[in-house]
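Position chain H relative to chain F; hints supplied.
Number of protein chains: 2
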Amino acid sequence: MSVYQATASAPVNIACIKYWGKRDTKLILPTNSSLSVTLDQDHLRSTTTSRADPSFEKDRLWLNGSEEEIKEGGRLATCIREMKGLRREVEAKNPNEPKLSTYAVHICSRNNFPTAAGLASSASGFAALDLHVAPSLVASLHGRWAQLQADGSDSLAVEVAPQSHWPDIHALICVVSDDKKGTSSTSGMQRTVETSPLLQHRIKHVVPKRMKAISEAILAKDFDTFARITMQDSNQFHAVCLDTDPPIFYMNDVSRSIIALVTEYNRVSVEKGGKLKAAYTYDAGPNAVIYAPKENVREIVSMIVKYFPQAEPFKDPFGLFANQTLTGNVVEGFNAAVAKPFEVGAVKGLIHTRVGDGPRVLGEGEALLGANGLPKVVA
Amino acid sequence: MSVYQATASAPVNIACIKYWGKRDTKLILPTNSSLSVTLDQDHLRSTTTSRADPSFEKDRLWLNGSEEEIKEGGRLATCIREMKGLRREVEAKNPNEPKLSTYAVHICSRNNFPTAAGLASSASGFAALDLHVAPSLVASLHGRWAQLQADGSDSLAVEVAPQSHWPDIHALICVVSDDKKGTSSTSGMQRTVETSPLLQHRIKHVVPKRMKAISEAILAKDFDTFARITMQDSNQFHAVCLDTDPPIFYMNDVSRSIIALVTEYNRVSVEKGGKLKAAYTYDAGPNAVIYAPKENVREIVSMIVKYFPQAEPFKDPFGLFANQTLTGNVVEGFNAAVAKPFEVGAVKGLIHTRVGDGPRVLGEGEALLGANGLPKVVA
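Residue numbers (full-length UniProt numbering), protein chains in the order written: chain F, 1 to 379; chain H, 1 to 379.
Just so you know, the hints here were simulated from the structure itself, not pulled from any lab data. It is possible that part of the hints are untrue.
Just so you know, same-sequence chains aren't split out, so a pair can sit in one copy or run between any two.
To be verified - For lysine-lysine, the following DSS-like pairs were computed, each having C-alpha atoms within a straight-line distance of at most 30 angstroms:
1) K340 with K306
2) K348 with K306
3) K71 with K99
4) K272 with K71
5) K209 with K22
6) K204 with K22
7) K93 with K272
8) K71 with K84
9) K294 with K209
10) K58 with K99
For clarity, every value in this text was computed on a predicted model and none was experimentally measured.
Excised from the complex, chain F in its bound form (with noise of 0.2 angstroms):
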């Protein structure tokens, strides 16, 4: 008897330019285009294994470990009726096809990194399910350089670059901790859509701007302009949040002590007659991620540890620091008392990455799901 089973790898995907709100919840239609980067799978990745059975009762999900409840018309409900219609296409095409869209699915998604880094992992995950339905799994999909359309019918992701095009793009992920239990994003955006008197204006008047000017510069590998309107368009998606009634709070106390940071580290630059050297960049939570070219991410980790100590030493994955200690420091010129120095745990962790590829179709030997259809026991 023939298994039907595939596994798949997905990377993490950081907007630049964000998209909150949806025209449609079910098939979640974006109110605007946005534009992402995908991070390298060699740091963070989603792997997933997924098998349709005859023998399986019903669809079934786990996700880190632990089994999720696939609500009725919920977004995960939505994406694996989907994919069965999609595949009930191909099978009334070929008739030889079985039909696999009649059977129950079990899925099995396990990501790399901390689920509390709150790195988009919903996406990642269902990327790796290979569905083509969500705009966020379709811009996982194409990966790179994405810009996500939200002008037409459909919600189609277009490439702006490939990963080879600016491989000189790093990011520095500080996962901040966070005590409070945030809004969960798909319900915050419906409330910023229907609440927001800002949004529309964002909408309509300032992302198409932005969209153009910032795929220019990513084409010209202009970093002072990508920084400029990344760090701009970061805070004007979190200020719609903000005018959402009630407000949507998602950055903390750290996460604006980064920002404080970052902007001194670029005044800096721009003072002696430089460019900005890095841009910082915030989800849906109050981690940040801060993009920069190579050759500055070793100043960005000293000024980050020297006010927030890491109770792990820096897994140094490009051997900034190969020859000598990591000691916290910041740059000739810069202004300490921009922020104050926080306590061990502040920020959990920092994670060293670039650019990267797409999805990637993974072997047997990497599968998720056991022989019996359940999940493999993780020493």
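The following block gives chain H in isolation, referenced to the frame of chain F:
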């Protein structure tokens, strides 16, 4: 020989519809209309004595016991120059009037609340100078429920309603500790005008509707509408600060938690079929001002104290807890998990006050300058 000296006290004003950004920085003409509430001077006031004397060598100012520099071209220098100009007009019409406009002035001002509270103390200090120039000043002078117009050639304060119209509205000020040096509101405003794409939309399309609606709500004593607009406008003001490049933050994690508490407190009321019971608002700092009908203040104080334990006993000017101990408590049905309890000192103090009157002229006994024209030594 005559002594030309006057002493007055002025209240603190808290804006419900905020203005942010100036069309004319010297005359401090605002970019949009605003609406503010005058708080009771029995609890919060600035007292100022000013004297003009031919023996004084230059204009001097003491604020809360320390001499402040009067910077050329700065806000204070402008106020003093405008004041002397008005005096000159009086002298031109009445040749018998002493030529005070040619004398230097000594000004001594003192708040009865912590300066760190950041409660528009500059506005109330200036108000006591009786200058009739700066709009913040004008709003202070006319007090009560005042509307500050920005749509004509003049910047004029209009009384929406006198204090006696709605005396039931009380205010609880939560003085929030902040380690960070914030952005001065004067420089912050200009940066927002220059860089925020959302500010102009707010000025043109959001504020006019809110001004009309909140004025009607005040006249109708409709606290539900008043509260909703006040909270929305506070959030939108901080949203345009965040939309500034680089972004401006005034609220911190303590401010965010107070918002979460008030939001939950209102949610419980609405769920029970009631209306909004409290409204928060934040000026250019982390302190919360919570407006509420007097009957709700007891519940609100109990709620705040539960999450923000106080080092000092609550000064209970209205006898809310006259016969009971103040214990931290929330109303039935309240989800206690919306915020986490903070350490003692996160909220440094609670000030309970209410809607109040305009400036008061005080007697010589309350003068802050001694016979020698210098500040009296305060025990």
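*Copy assignment of K294 with K209, given that the CA separation must stay at most 30 angstroms*: within (28 angstroms within a copy, 49 angstroms between copies)
*asked:* Cα distance capped at 30 angstroms. Does K340 pair with K306 within a copy, between copies, both, or neither?
replied: Answer is both; intra-copy 10 angstroms and inter-copy 28 angstroms each pass.
message = For K71 and K84, with the copy left unspecified, which applies at a CA distance of at most 30 angstroms: within, between, both, or neither?
response = within (17 angstroms within a copy, 72 angstroms between copies)
- Message: At most 30 angstroms between alpha carbons: which applies to K204 and K22, within, between, both or neither?
- Response: Classified as both; 14 angstroms inside a copy, 26 angstroms across copies.
ask   = Is it within a copy, between copies, both, or neither that the alpha carbon of K209 lies no farther than 30 angstroms from that of K22?
value = Classified as both: same-chain Cα gap 20 angstroms, cross-chain 26 angstroms, threshold 30 angstroms.
Within a copy, between copies, both or neither: where do K93 and K272 come within 30 angstroms Cα-Cα?
neither (65 angstroms within a copy, 56 angstroms between copies)
At most 30 angstroms between CA atoms: does that hold for K272 and K71 within a copy, between copies, both, or neither? between (56 angstroms within a copy, 28 angstroms between copies)
Since the copies are identical, ignore which copy is meant and state whether K348 and K306 lie within 30 angstroms (CA to CA) inside a copy, between copies, both or neither. Both, since 14 angstroms and 29 angstroms are each at most 30 angstroms.
Q) Between K71 and K99, at a C-alpha cutoff of 30 angstroms, which is it: within one copy, between copies, both, or neither? A) within (24 angstroms within a copy, 82 angstroms between copies)
>> Within a copy, between copies, both or neither: which one fits K58 and K99 at a CA-CA cutoff of 30 angstroms?
In response: within (16 angstroms within a copy, 94 angstroms between copies)
Hint check: a violation occurs at hint 7 only; the rest are consistent with the structure.
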